[in-house]
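Once you've looked at the hints, dock chain B against the given chain A.
As a plain string of letters, each chain reads:
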Amino acid sequence: MSDHRDDVAHLLLQQEIQSFLYQEAELLDERRYEEWLALLDEDVRYWMPMRRNVKFGELEREFTREGRDVNWFDEGKETLTRRVQQILTGVHWAEEPLSRICHMVSNVQILDVKPSAAAPSEVTTKSRFLIYRNRVETETDILVGKREDVLHRVDGQWKIRRRKIVLDQNVLQVKNLTFFF
Amino acid sequence: MATGRRYRGGLVDLGTGLISREIFVNEEIYAEELDRVFTRAWLFVGHESQISKPGDYVVSCMGEESVILCRDREERVHVFLNSCRHRGMKVCRYDEGNTPVFTCPYHGWSYATDGKLVGVPYFREAYHGKLDRSQFGLVEVAQLATYKGSVWATWDPKAPGFLEYLGEFRRYLDLTLDGWDGRDGGTEVLGGVQKWLIPCNWKFPAENFSGDSYHNISHRSVDMVGIGPSGSGRRDTRERLIARRLQICFPERGHQTGLYVLPKDQPTPPAYQQSPVVSEYFRHCEEERRRRRGEWGRVTGSPGEVFPNTALHPRQPRTFAVWHPRGPHQTEVWRWYLVDSDSPPEVKDFLRQYYIRYSGPAGLTEQDDMENWNYAHAASRGTIARRYPYTYEQGMGFEVESYEWDGLRLPGSVLDITEAKSSEHNLRNLYRRWAEFMDAASWDELATWRTPAP
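Line by line, the protein sequences give chains A and B. Residue 1 is where the first sequence starts when you use our numbering, and the numbers rise one by one after that. Residue 1 is where the second sequence starts when you use our numbering, and the numbers rise one by one after that.
Pulled out of the complex, with its shape left as it was, chain A reads as follows:
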């Protein structure tokens, strides 16, 4: 009977986390950037390493290191807030006119939950993303990869405490990264 309750708790948590990630994507695609910022913890770390081609057996060198190396992103809420403010100036030419962006989020897995699925306060979750960006006339980019998030509950609301973004590219195939992952 207790196993069954655990299963149900996990299912409900899975559903809750998926809904959270879908709602987050909705805010970004609907350009509700300030509401999106509110989903980020004040101490959020937002990290997207670069990826090297390395020999088999040396895969520990594949990613640039958080807090040590040059990365695509390695920042906190202050810089993320500046990014949002920049888009909202209306003269950020790389996003003016605004791009049409669609976040597809899938393969949501719960990797860890603390203290329990029945009373979760912190969740580690992994998901896949496919981000479609179309801007001006025919300019189109598709970026695919994985995210690993640590979410925690603050006053009944999930917040993103940490996001690791793994883009499945070596040479970045887009001219700029003006959008959020």
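Since the hints were made in silico from the structure, they are not lab data. Small disclaimer: the values here were computed from a predicted structure and weren't measured. Just so it is clear, CB atoms sit at the ideal spot from N, CA and C, and this is done for glycine as well. Any given hint might turn out to be false.
[To be verified] Here are the simulated DSSO-like pairs of lysine-lysine, each with C-alpha atoms no more than 27 Å apart in a straight line:
1. A:K126 x A:K77
2. A:K164 x B:K348
3. B:K348 x A:K77
4. B:K348 x B:K148
5. A:K55 x A:K164
6. A:K114 x A:K146
7. A:K55 x B:K53
8. B:K116 x A:K55
9. B:K116 x B:K53
10. B:K90 x A:K55
[Stated by the list, open to error] Sample of chain A residues with no beta-carbon within 12 Å of chain B, all distances over it, derived:
11. R5
12. D7
13. S19
14. M104
15. T124
16. Q157
Below, chain B without anything else, positioned relative to chain A:
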């Protein structure tokens, strides 16, 4: 490859300041410049700190072509074309690592880190022991130079040596490579080379870094939100209120940079004020620099370019960027970021974070540059568009050859833009040299400084 086009006084007319859009979008001109510019000029390949131990290698690019930068067992630095001599396969498809040999995946030829062909499968049987292996080592650049940690190479054996190629521009390149306290060398690159594609001709970013001080307006959104290391704007700019602001170039060499010169006996205004530790580090370094360099310590750099495609910025952010051509309509950017090797970890970390939020594809400032280069290029490709040359006439004729201010003489052809705000002096210099490379049959015509004008 002679297409019969004339560049000096033709497509690049510096008498009128008009430059044809063809040089940015035309496929034939592109093929010609790969040959005339990229096989003859000195190109930035990487940094010695990327290959500190014997056997260390990184893959880099020269023009469109992949090269291997490595350190052999005797610690000598080499740059090889990354292509097997047997059937052309890339012998190295890793970005970096350490190896005793590069083994081609296709037929198994292997090369030592000094380039020698050391392994040929079935050498005795299939080649009957007759292949002259000494003739089939990896193709090596004609000349290689390491300068204060930076590594440069050229495919042309007749090119002048690297220091002669630099000429007096060396002093300005030093601003990027020397320690901020004025020590010779003393910089290292941060781990991780940014590599990304932008849809424009390589000369758009090259001219931008050569000294397009006119495009400040395009970065208004960053200035409004503030990402600078003292908490506002995008850079520390207080020295601009008291300094002379100059554009400096070397007409015979094709190199150029922006520069600030502070008044005599006036300290450098405080910078990096978001962090007391970083601010104090730079205050100390400024003092040391004045002590070591004397009057020259009053000089700080802004963006510049070593001809043809290596951009540098000595200060904020401290960087080398190489604009690799990828067809007339595309550029692959490679970006290295530098810090003082012996600066405290907190300083390196602060700068790293600032560099990333400023530069590169995710940089709040450079995102807008890429947009502008993208659509400037795209809107110049049309049959009608190509009929209308760009104008580069800003400040024409206002340069001086022996500039001196407040007791400091500055080498180069100088245009003081303190009052003028902007000029296209340095941009003209880039295209002047580019046109000379395109017209010249060989280095005999290009090394004009060796034969003084009559």
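Are the Cα atoms of K348 (chain B) and K77 (chain A) separated by 27 Å or less? holds, 20 Å
Quickly compare the C-alpha distance for K114 (chain A) and K146 (chain A) to 27 Å and report which way the hint goes. Status holds; Cα separation ~22 Å.
- Query: Within 27 Å, alpha carbon to alpha carbon, are K126 (chain A) and K77 (chain A)?
  - Reply: holds, 21 Å
_Between the alpha carbons of K55 (chain A) and K53 (chain B), is the straight-line distance 27 Å or under?_
Roughly 17 Å separates the two Cα atoms, so the pair holds.
Worksheet item: Taking the minimum C-beta separation from R5 (chain A) to chain B, is that value above 12 Å?
Response: Fine: 45 Å to the nearest Cβ keeps R5 (chain A) off the interface.
- [ ] Quick one: work out the minimum CB distance from D7 (chain A) to chain B and report holds if it exceeds 12 Å, violated otherwise.
- [x] Since the minimum Cβ distance to chain B is about 41 Å, D7 (chain A) lies beyond 12 Å and the statement holds.
Holds or violated: are the alpha carbons of K55 (chain A) and K164 (chain A) at most 27 Å from each other? holds, 23 Å
Exercise. For the pair we were handed, K164 (chain A) and K348 (chain B), check the Cα-Cα distance against 27 Å.
Key: holds, 22 Å
Q) Is the Cα-Cα distance between K116 (chain B) and K53 (chain B) 27 Å or less? A) holds, 19 Å
Between the alpha carbons of K90 (chain B) and K55 (chain A), is the straight-line distance 27 Å or under? Given pair K90 (chain B), K55 (chain A) holds - Cα atoms ~14 Å apart, limit 27 Å.
Whether M104 (chain A) stays farther than 12 Å from all C-beta atoms of chain B, as the label says = holds, 21 Å
Do the alpha carbons of K348 (chain B) and K148 (chain B) lie within 27 Å of each other, as the hint requires?
Answer holds: K348 (chain B) to K148 (chain B) is near 19 Å, not above 27 Å.
When the structure is compared with the earlier hints, no violation turns up for any of them.
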